[in-house]
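Based on the hints, put chain B in the right spot on chain A.
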Amino acid sequence: MTYMEKTVADEILFEEQLMPGAAWTHILKRGTALRLTDNEGAANVGAILYNNDNPVERLNIPDTLKAQHTAKIARGVALYSDMGRILASVTDDSVGWHDPLGGCLNAKMVTAKYGVATYQSHLNDFYRNGYDNFLIELEKYGLGPRDLIPNINFFSRVDVGADGSLSFHPSNSPVGSFVEIRAEMNVLLIINSAPHPLDPSPVYAPKPVTLTLKRVPTPTLDDFCRNSRPENERGFILTERYFL
Amino acid sequence: MSGINLVTSALDPAGAIYSEIIAAGDSWIHPINQGQILRIVDLEGNQAVDTLFYNAHDYEDRYDFQNTIRNQGNIYLTTGSRLISSKGNELLTIVADTCGRHDTLGGACATESNQVRYAIEKGHMHACRQSFLAALLSFDGGLAKRDIPNNINFFMNVPVTPEGGLTFADGISEPGKYVEMLANRDVLCLISNCPQLNNPCNAYNPTPVLVLIWDGPNV
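Chains A and B, in that order, give the protein sequences. Mapping to the numbering used here: the first sequence position 67 is 67, numbers consecutive. Mapping to the numbering used here: the second sequence position 75 is 75, numbers consecutive.
Next comes chain A alone, as it looks inside the complex (with noise of 0.2 Å):
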């Protein structure tokens, strides 16, 4: 079986919208994957994972770096957590390119940058920001501040020169761009469409995603993610030993 028969074969579960700016949580049941697809192109999507049985286990964006000799997230990488299990593994990506390193807008930064919108003058098109739809969502399962972690931003790229400098990639993420991640563990996984924040736009504009959840195989011995690197052979077999 190919790997595009693969895909074509997964059962979709639910599809939904999450909408521009907005946060959305759900727990993702090893066994499914989240398929996120940039309807309007240029999206960007916040990201956060936590072991949902233990959520002190977490997303740890350096072991995840460091494992894989890697300073993006793309297609074959595995997101690991603190404790060298993989929560969750990019399956199909369209796009080659996911920022790990710009983080989240907070308020303040969204007030210097794009000024003022309330919900008392822009209804539900507030300015909202990574930082606050964050905690916002952690809260609702028991986690606060000391919880919150760095994030991943889908479909946005920051560039790092030989010198260091950071500078935002633009176009990035054409229309119609997909990226799609498989849960390893059962993850808590929390997402926000706000804006990137290095993105250059002096306006607030964040994009749609749509959100796709299907059921898909257990990974055989011969899938992509666990042998894109000697290291995710090891970090599979520890993810499995931990449902054992």
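There are no misleading hints in this set.
Taking CB as the label site, the calculated pair distances span: (1) A/D125 / B/E60: 28 to 36 Å; (2) A/P174 / B/G80: 33 to 41 Å; (3) B/A203 / A/H69: 14 to 22 Å; (4) A/E240 / B/A144: 25 to 33 Å; (5) A/H69 / B/S138: 33 to 41 Å; (6) B/G141 / A/E139: 16 to 24 Å.
Simulated from the structure, these hints should not be mistaken for lab results. Think of the CB as a built atom: it goes at the ideal place given N, C-alpha and C, for glycine as much as any other residue.
Chain B alone, transformed into the frame defined by chain A:
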């Protein structure tokens, strides 16, 4: 801001109010008051010093690598770098640096990540996150595992390539190199003097470092 900014300090170690050697593989937790200056000296060279800071009056407000690198527009820390917290506050500013480049992407080694990176059988080896936890357990501050964010690695060299690759390269530090920072507010400092033996971050030979604290001119 460019990646390297070499600046020497005029401070005399004889005037320091505090001086302590952190043995290889040990941890250290200590308050640094606003206006005080902390110097970390790489005594024997190429020793990674895994370091965290907390706002002393709000431990929820702690060092944040993403806020720090985005604020300065550069992934490397050197003189002039301001260390920014999760709530967006300036914790400390690097005021002298004779090494020139420090890492904040590589995080801390852990027994579990060593199993992934090197071999499942290496889980017994001492690691920075063991030291961080030991220090927090010995410190009566209510801090726990969830309070260990991603850290700074002073004297460690982790270059990123334009293609998005990340490597642990040989160190650029040498015996006696130091980094010095001014506390912009009262902070708590947590250090693990890295015991990693599996990669070149400590030149395969972990060594002691020296920490010095001065009362600054504005105290």
